[in-house]
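**Q** In terms of our numbering, the sequence shown opens at residue 1 and continues consecutively.
Everything labelled a hint here was simulated from the structure, so no lab data went into it.
Where hints are given, some of them may not hold.
As the list claims (entries may be wrong) - Below, in silico cross-link-like pairs of lysine-lysine (DSSO-like), each with a Cα-Cα straight-line distance of 30 Å or less: (1) Lys142 with Lys110; (2) Lys162 with Lys142; (3) Lys26 with Lys131; (4) Lys162 with Lys110; (5) Lys87 with Lys131; (6) Lys87 with Lys110; (7) Lys131 with Lys162; (8) Lys116 with Lys26; (9) Lys87 with Lys142; (10) Lys142 with Lys131; (11) Lys26 with Lys87; (12) Lys131 with Lys110.
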Amino acid sequence: LAAGEVIVDANIAIALERKGTPERMKPEGHSYARRLEGLVARQPERAFSETRWGAANGVIPLVAERTSAQYQAVVASLERVNLGQSKGANDRAIVADAFFARVADGSPAKFYTADKNIYNKLALLAGIEPKQTGTGVLTAYKDGFDVTLEGRTIRVFPVSPK
Numbered sequence: 001l002a003a004g005e006v007i008v009d010a011n012i013a014i015a016l017e018r019k020g021t022p023e024r025m026k027p028e029g030h031s032y033a034r035r036l037e038g039l040v041a042r043q044p045e046r047a048f049s050e051t052r053w054g055a056a057n058g059v060i061p062l063v064a065e066r067t068s069a070q071y072q073a074v075v076a077s078l079e080r081v082n083l084g085q086s087k088g089a090n091d092r093a094i095v096a097d098a099f100f101a102r103v104a105d106g107s108p109a110k111f112y113t114a115d116k117n118i119y120n121k122l123a124l125l126a127g128i129e130p131k132q133t134g135t136g137v138l139t140a141y142k143d144g145f146d147v148t149l150e151g152r153t154i155r156v157f158p159v160s161p162k
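Let's have the full structure, built from the sequences with the hints guiding it.
**A** Have a look at this one:
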C-alpha cells in the first residue's frame with residue numbers, strides 16, 4: 001500500500017461502488033464516502049470477490065502466503081474471538097489479509113470497517129472492552145486503534161453508517 005491507500009471491508013466497498021450512481025446509494029454509503037474522502041480504498045482479495053468493485057489490480061498485495069503458519073495463526077486468533085461469527089470465514093480472511101498487507105513505508109496498514117462485529121472483536125484483541133468504553137468502540141475510537149497479532153499490527157478505523 002502506498003501513502004493515502006487504505007483497506008476497506010466489503011460493506012464500505014459496496015457503498016463506494018454505488019457512489020457513482022447516487023440513486024443506488026443507501027444513506028450509510030454517503031457516510032462511508034465522506035469518511036474516506038481523499039483516501040484511496042483498496043480491498044483484500046476476499047472482499048473483491050464478494051463485491052467485484054474496482055479493478056483486480058486494486059486488491060491489496062500481501063507479504064505472506066495465506067497458507068503460511070503465521071497467517072494461519074492470525075486466522076486462528078480471529079476464530080477464537082468468533083470474529084465474523086459462525087459464518088465468518090470471509091470476514092476472517094479479509095481481516096487476516098489486512099494484517100499481512102504490504103505497506104510501502106512499513107507502518108501498520110489502515111483498515112476501515114463498518115461491521116460492528118469486526119471492530120468490536122478486534123477491539124477485544126487490542127485489550128479494549130467495548131462495553132466499558134462508555135460510548136462504544138465506534139465513538140470512543142473514531143481515530144482508530146492498533147491491534148497486534150503474531151507480531152503484525154493494523155490500525156482499525158470503525159466507520160459509522162450515520
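**Q** Run the structure past the numbered hints and jot down the numbers of the failing ones, going up.
**A** none
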